[in-house]
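Take the given structure of chain G and dock chains S and W to it, following the hints.
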Amino acid sequence: MDTVIELKNVTYTYPLADEPSIKDMSIKIERGKFYGVIGENGAGKTTLCALIRGFAPSFYNGELKGEVLVEGKPTTEFGPGELSLKIGYVFQNPFTQISGVKDTLFEEVAYGLENFGVPVDEIEERVIEVMKMTDIYSLADKKPFELSGGQQQRAALASIIVLKPDILVIDEPTSQLDPEGTESVFKIIEQLKNEKKTIILVEHKVDMIAEYADEILVMKGGRLIRLGDKQEILTDMSLLDEGVQLPQMAILGERLIEAGIPLSRVPITERQAAEAIGQALQKARNS
Amino acid sequence: MAYIQMKDVSFVYPGGFLAVDNINIEIEKGENVAIIGQNGAGKTTTVKMMNRLEKPTKGDVMIGDMNTKSYTTAQVSRVVGYVFQNPDDQIFHSTVISEVEFGPRMMKLPSEIISERVSCALKLTGLEQFRDTNPYDLPLSIRKFVTIAAIIAMDTEVVIFDEPTAGQDLRGNHYLSDILRTLNQRGKTVITISHDMEFVAANFDRVIVMANKKVVTSGTPKEIFWSFDALEKAKLKQPYISRLCRELGIEGNIIEMDEAVEAIKEKCLLN
Amino acid sequence: MWREKLQIHKSNWIAALHPSCKFLVVCLYSFCALLLASFKVGEGEYSLYTIAWFVIVPALAIGSGIIKRFWNAFTKVLLVAVVIIVVQSLLIPGGDTVAQLWILKVREEGLRSAIYLGFSVMNIAGIFVWFFQTTENKEISCALEDSGTNYKVTYVFISTLQMIEILGQNSKTIMNAQQARGVETQGNIVVRTRAFFASLVPLILGAITGTEERVLTLESKGFDVNCKKSRLFQIEKTGREKMVNTIAIAITVAIVGWRVALWIL
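Chains as they are written, first to last, in our numbering: chain G, 1 to 287; chain S, 1 to 271; chain W, 1 to 265.
Same shape as in the complex, but just chain G:
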């Protein structure tokens, strides 16, 4: 197992806060896997992201107990700018992720590459590729801050994936997007996963998580309450009581089983559901 990020008994308290936002968390994140982070608002999901990226405690200050290791080295020991080469971070609020110094969206997306000192020919190639991938190429000469919420959200994602970091931490990248836009963002993330990137994604759209993620991390009240295989976690109905949404298909499957319809397993995706229910119907027909 190739651990790329590790939290060892981490407890973290923001300055002036009465209570820790993360309580005694220990996890190992494996390289090349896609982790879906779910849980109710205020559960500490965003704080977890900030810890992994080292913003907590280096920017927010506050008190950190335990250790957060990125490739074996504590985040607190990385020099300024060093982690931005390793970890790409996309924030939740699409309206605040603009550099504020660029006149066009094209330059905005190129900004990080300029900072990294990438040769200009390569910058141009990479920016065009990513803008096409995120479907914002037609907006390339627009002013960044005049874009709509959905467009800014895709622009924020593009400005980070263009940097090609090994690890991506993405906080609710689809909150402002329509169903098609959401789907395309997940397709992009899937593609990144195929490129062996490690992905940590906070998302409420659990049906999409069920479809695309490998592992699930469930948080509540600053604690990790589940970690593991998506099939097992997303069919655990007790999570509904913890304020965690579960996939529509899982809830349907569970209710069918309660109603006495024998399913081979509780499905979490549409494909699984069609299969399991189809089989049950077939069996009923045969008997």
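Since the hints were made in silico from the structure, they are not lab data. These figures come from a predicted structure and were not determined experimentally. Think of the CB as a built atom: it goes at the ideal place given N, C-alpha and C, for glycine as much as any other residue. Wrong hints could be hidden among the right ones.
As the list claims (entries may be wrong) - Capping the alpha-carbon separation at 30 Å, the derived lysine-lysine pairs in BS3-like fashion look like this:
#1 Lys143/G <-> Lys138/W
#2 Lys143/G <-> Lys228/W
#3 Lys172/W <-> Lys214/S
#4 Lys214/S <-> Lys193/G
#5 Lys68/W <-> Lys143/G
#6 Lys142/G <-> Lys76/W
#7 Lys237/W <-> Lys164/G
#8 Lys40/W <-> Lys143/G
#9 Lys132/G <-> Lys235/S
#10 Lys132/G <-> Lys220/G
#11 Lys229/W <-> Lys142/G
#12 Lys28/G <-> Lys86/G
#13 Lys229/W <-> Lys132/G
#14 Lys229/W <-> Lys143/G
#15 Lys193/G <-> Lys164/G
As the list claims (entries may be wrong) - Sample of chain S residues at the chain W side, in silico, Cβ under 8 Å:
#16 Asn51
#17 Leu53
#18 Lys55
#19 Tyr71
#20 Thr72
#21 Ala74
#22 Ser77
#23 Tyr82
#24 Gln90
#25 Pro110
#26 Ile114
#27 Phe199
Chains S and W only, in chain G's frame:
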């Protein structure tokens, strides 16, 4: 005659960009309507014209017998409340309570009525515990409820919600359903823009579909989510449950969990 | 080619001068304007040379081919200058009466001060208007970085310039939000003033809360990475910078010489 009427309405931005193209919408008093469509379909501009935040370049918007043309935005907004998509565009007080009080205060209501409305709005949005908190200390998803409470406290005849489900968790969605139901019971006309098809299927009487700056069609959720032509035009998908039922060949235009369970059960027993 | 599209090519050679050259012109021009304003001419001892000096600003604007844009921006300066001139000439007593209209009297000292202040403002603000109307933000930032300024300083400078535009837009958004809550922002001056103050709080709050995430966004985009940064945009020189610099310096030296000569003689 319908309570809200948009007649041949178009909107062109000063730069010449056409955002809404000759639409006609009628909404009855007390209706609970959802507007769905892709990003950029013209949804937000359409609802902004309902309370005159945007002024139609062409056509008339009537609320009751009031032609919004002859009123200021401030006057129209006493009848049509609008909850912004981005809460940070709306909040300008340092405590939740003063934010929520602002609207009723502007209407110069007696203080007992103000405090009654405010506590009612806070209760409905689950914000009682945050009365004296600075809205900017709350997470974005809760901040959205502050803006919702602020509009509810104004007790307008029409309430418009712009993407209330964005970034909400299970609990937040439950609160939103409750709010919609309560407002509807009070006889309010509610118009909601949403990208969440499950939420739309479960919470509305009527759905208006928009695509490419135009209204494609409108109908009950059952009709809309089984009208593949309209969905394709608007590049939208059925709710998960409907998609599954379609794949299994189950009839009855199912859009909700309960119906699906019943239908599948029935199909099993029939065999 | 996108990179080609991002470059700025100006057909007018004055407008196309390197920002550092234009900036030198701005500084020397302002210095000369103040110096000339201290020349008292004739019996009334009015600063008449500073009025003559002002001819250069519109001439530059015309020569740079931006007269329309210049005029649009300059009208605000003009308004301030006119207010200064009117107020100064009417309110300051002393000296003979130069002109009289009903009970309003313009006296010598008032007029002297009005010309001095009014035209100093017009000269200095005018030349800056010319500079910013012929120079884009990214040219300034590029020139600053070329001159060895730290990229952090450049960032602050440029983001401040852009912030003005963003704040303007935000204030519109907030005005909208207020209207939607029953605040009249149309109508008489009292109503509008009230609305304006109501919009300040969210504007400032919004700017502050946005800052934290913006800092972290910059950090995520490698703002602090320790390496030589590359740049899509490159600034061009016209080749006439040296000539312009020489002329500007020569004129300044001549004016200084004249002033010194007047003192000595």
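Outcome of the hint check:
no. : hint                  : result
1   : Lys143/G <-> Lys138/W : 14 Å, holds
2   : Lys143/G <-> Lys228/W : 27 Å, holds
3   : Lys172/W <-> Lys214/S : 27 Å, holds
4   : Lys214/S <-> Lys193/G : 38 Å, violated
5   : Lys68/W <-> Lys143/G  : 23 Å, holds
6   : Lys142/G <-> Lys76/W  : 28 Å, holds
7   : Lys237/W <-> Lys164/G : 35 Å, violated
8   : Lys40/W <-> Lys143/G  : 50 Å, violated
9   : Lys132/G <-> Lys235/S : 19 Å, holds
10  : Lys132/G <-> Lys220/G : 37 Å, violated
11  : Lys229/W <-> Lys142/G : 24 Å, holds
12  : Lys28/G <-> Lys86/G   : 17 Å, holds
13  : Lys229/W <-> Lys132/G : 25 Å, holds
14  : Lys229/W <-> Lys143/G : 23 Å, holds
15  : Lys193/G <-> Lys164/G : 12 Å, holds
16  : Asn51                 : 6 Å, holds
17  : Leu53                 : 5 Å, holds
18  : Lys55                 : 11 Å, violated
19  : Tyr71                 : 11 Å, violated
20  : Thr72                 : 5 Å, holds
21  : Ala74                 : 5 Å, holds
22  : Ser77                 : 5 Å, holds
23  : Tyr82                 : 5 Å, holds
24  : Gln90                 : 4 Å, holds
25  : Pro110                : 16 Å, violated
26  : Ile114                : 13 Å, violated
27  : Phe199                : 24 Å, violated
Hint compliance for this structure: hints 4, 7, 8, 10, 18, 19, 25, 26, 27 are broken, all remaining hints hold.
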